[in-house]
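Taken in order, the sequence shown gives residues 4 to 244; the numbers are from the numbering used here.
Everything labelled a hint here was simulated from the structure, so no lab data went into it.
In this text the structure is predicted, and so the values were computed from the model without any measurement.
Hints should not be assumed to be uniformly reliable.
[Stated by the list, open to error] Once the Cα atoms are required to be at most 27 Å apart in a straight line, the calculated DSSO-like pairs of lysine-lysine come out as:
hint	residue 1	residue 2
1	Lys79	Lys213
2	Lys102	Lys79
3	Lys213	Lys102
[Stated by the list, open to error] Cβ-Cβ distance ranges computed for the label pairs, FRET-style:
hint	residue 1	residue 2	range
4	Ser80	Gly186	36 to 42 Å
5	Asp209	Glu178	15 to 21 Å
6	Lys205	Ser85	20 to 26 Å
Cβ coordinates follow ideal geometry from the N, Cα and C atoms, glycine included.
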Amino acid sequence: MHPKRLSERQWTLLYVGVGLIVLSGFFLWLEHVTHFEFVLHLAAIPIEILVGAIVVERWLASEEKGARRRQFMYFKSYVFRSGLRNVFVSNFAGLVEPKITLEWIRTASASELRAARAGIGTLRHASPAVVDQILDEYVRSRQIFFTFLEWAAANDFEPIFHDMLYILHFIEDIESFRQQNPGVLFADEAARNPRLQRKVDKVLGDGIRKFLDYAIELREHEPLVLDELLEDYLQAMRVRA
4 MHPKRLSERQ WTLLYVGVGL IVLSGFFLWL EHVTHFEFVL HLAAIPIEIL
54 VGAIVVERWL ASEEKGARRR QFMYFKSYVF RSGLRNVFVS NFAGLVEPKI
104 TLEWIRTASA SELRAARAGI GTLRHASPAV VDQILDEYVR SRQIFFTFLE
154 WAAANDFEPI FHDMLYILHF IEDIESFRQQ NPGVLFADEA ARNPRLQRKV
204 DKVLGDGIRK FLDYAIELRE HEPLVLDELL EDYLQAMRVR A
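Using the sequences and the hints given, assemble the complete structure.
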């Protein structure tokens, strides 16, 4: 992402601030020349205005940050509830180690979820074919990841931007490999290629971690929403079975 730029309001505050400081300096110089104490009071007025402007700017920035976080919560609800549901369902369905299931998540407390989240190391899935089925869901969800990328860029969520960019590059790796090697499992190739295996481990591992992060957030603040989400996931898993 590009370095953060000042907004139009921030540029305006900067210009006004410089002007007020110059004005205050002028009054101080004038008092030094004329020795009129009244001019000292005039010199304090621009500083008081500047302090007030800074306080207002910080309040507006805080309001904007809160609005972006609320927007992120709603957007994340859509992504987890429908956009990436099959990605998460397939990942948990094929997971062998660690033994974390959607059924267990449904009854786990926030502290249990945190412990499971902290204990995740390298994942082990049922078979290379199962891993490729999970990767299929990532490929099918490319547009969701791209939409998430654009949203993160527009709303200055840089870590999410880089996460989405990494996944999109990974999806390109999968499709490029499959075009050149029809009928060959990407997971088998990754097992022979440490660089690819690290990517597979990172993407699938991050998927489990991100879901647990969201489950912890909902368990603490919106437990009913978590129950509904997991019921949808378990229904989708039964349909897949």
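Going through the hints against the structure:
With a CA separation close to 11 Å, the supplied pair Lys79 and Lys213 stays within the 27 Å bound. Proposed proximity of Lys102 and Lys79 is supported: the alpha carbons are some 25 Å apart, at most 27 Å. At most 27 Å may separate the alpha-carbon atoms for a hinted pair to count; Lys213 and Lys102 meet this at roughly 16 Å. A hinted range of 36 to 42 Å holds for the C-beta pair Ser80 and Gly186, which are about 39 Å apart.
The hinted window of 15 to 21 Å between Asp209 and Glu178 holds, with their beta carbons roughly 20 Å apart. Between Lys205 and Ser85 the Cβ separation comes to about 25 Å, which falls inside the hinted range of 20 to 26 Å.
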